[in-house]
Amino acid sequence: MTAHVGDFGLAKFIPGSNSKSHSNQSSSVGLRGTIGYAPPEYGMGSKVSPYGDVYAYGIFLLEMFTGKRPTDNLFVDGLDLHKFVKNGLPDQITNIIDSILLSGVEVENENDDEEETIAMNNMGMEQLKVDQMQECLISILRIGVACSVESPGERMDIGDVIKELQLIKDILRASGMSYSSVSQSTKFEGSSSRSATSNWKNVL
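Residue numbers for the sequence shown follow UniProt numbering, beginning at 1 and rising by one.
Please note: incorrect hints may appear among the correct ones.
[What the hints assert, rightly or not] Subject to a maximum C-alpha distance of 27 Å in a straight line, what follows is the list of computed DSSO-like cross-link-like pairs (lysine-lysine):
# : residue 1 : residue 2
1 : K86       : K163
2 : K129      : K163
3 : K163      : K83
4 : K169      : K129
5 : K47       : K83
6 : K129      : K86
7 : K169      : K86
8 : K169      : K83
[Claimed, not checked] Pair by pair, the computed Cβ-Cβ distance ranges are:
#  : residue 1 : residue 2 : range
9  : G176      : D77       : 38 to 46 Å
10 : M44       : R173      : 37 to 45 Å
11 : D157      : I35       : 21 to 29 Å
12 : L165      : P40       : 19 to 27 Å
13 : E135      : M44       : 33 to 41 Å
14 : P40       : Q92       : 22 to 30 Å
Hints in this document: simulated from the structure, not taken from any laboratory. Treat the numbers as computed from the prediction; the structure is a model and nothing was measured. Beta carbons are placed, not taken as given, at the ideal position from N, Cα and C, and that holds for glycine.
Work the whole structure out from these sequences, hints included.
Take a look at the structure:
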């Protein structure tokens, strides 16, 4: 997956008082940042700010967990990645999430007892782990949505983002859940072969 990480932290490198420095920090005319990742206010002439960085981070989270770019052909007639995810939460999580994120879920067994593992699966552990994973994915997508709202002042504070992601990470660890390696040549809808995340928990 191609993450435009260069968009994050622009506020640190482009001082708001130096208008000349703005002109060459864009991937498109009049826009500070990459199309799809730059917040709406940048297109209206607003100065680069931490709010814009939060927006870009939110879009990146949504892209990572849906496997869809904000510039995909799917997004037309007012539909964008933010609305696509928001409209699907929480009931349609399986329709908006990249299916490969659920296909490699594993439950760690500290005792390495094969018979015990089989028994646990027979008791419904398989469904339980999928349900737990879905809840964690819903929480992550909600963070992405909260970070990428149109109004800068309504975006999630980055400090709260860190706290929420840490909480999700703790839940995964407590449940003994892990995510197995994902092929590095995963095909994403509407795009050519791109490198996939080998262990998506690293985002937490």
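Comparing the hints with the structure gives:
| no. | hint | verdict |
| --- | --- | --- |
| 1 | K86 / K163 | 21 Å, holds |
| 2 | K129 / K163 | 23 Å, holds |
| 3 | K163 / K83 | 24 Å, holds |
| 4 | K169 / K129 | 15 Å, holds |
| 5 | K47 / K83 | 25 Å, holds |
| 6 | K129 / K86 | 24 Å, holds |
| 7 | K169 / K86 | 22 Å, holds |
| 8 | K169 / K83 | 26 Å, holds |
| 9 | G176 / D77: 38 to 46 Å | 44 Å, holds |
| 10 | M44 / R173: 37 to 45 Å | 43 Å, holds |
| 11 | D157 / I35: 21 to 29 Å | 26 Å, holds |
| 12 | L165 / P40: 19 to 27 Å | 25 Å, holds |
| 13 | E135 / M44: 33 to 41 Å | 37 Å, holds |
| 14 | P40 / Q92: 22 to 30 Å | 25 Å, holds |
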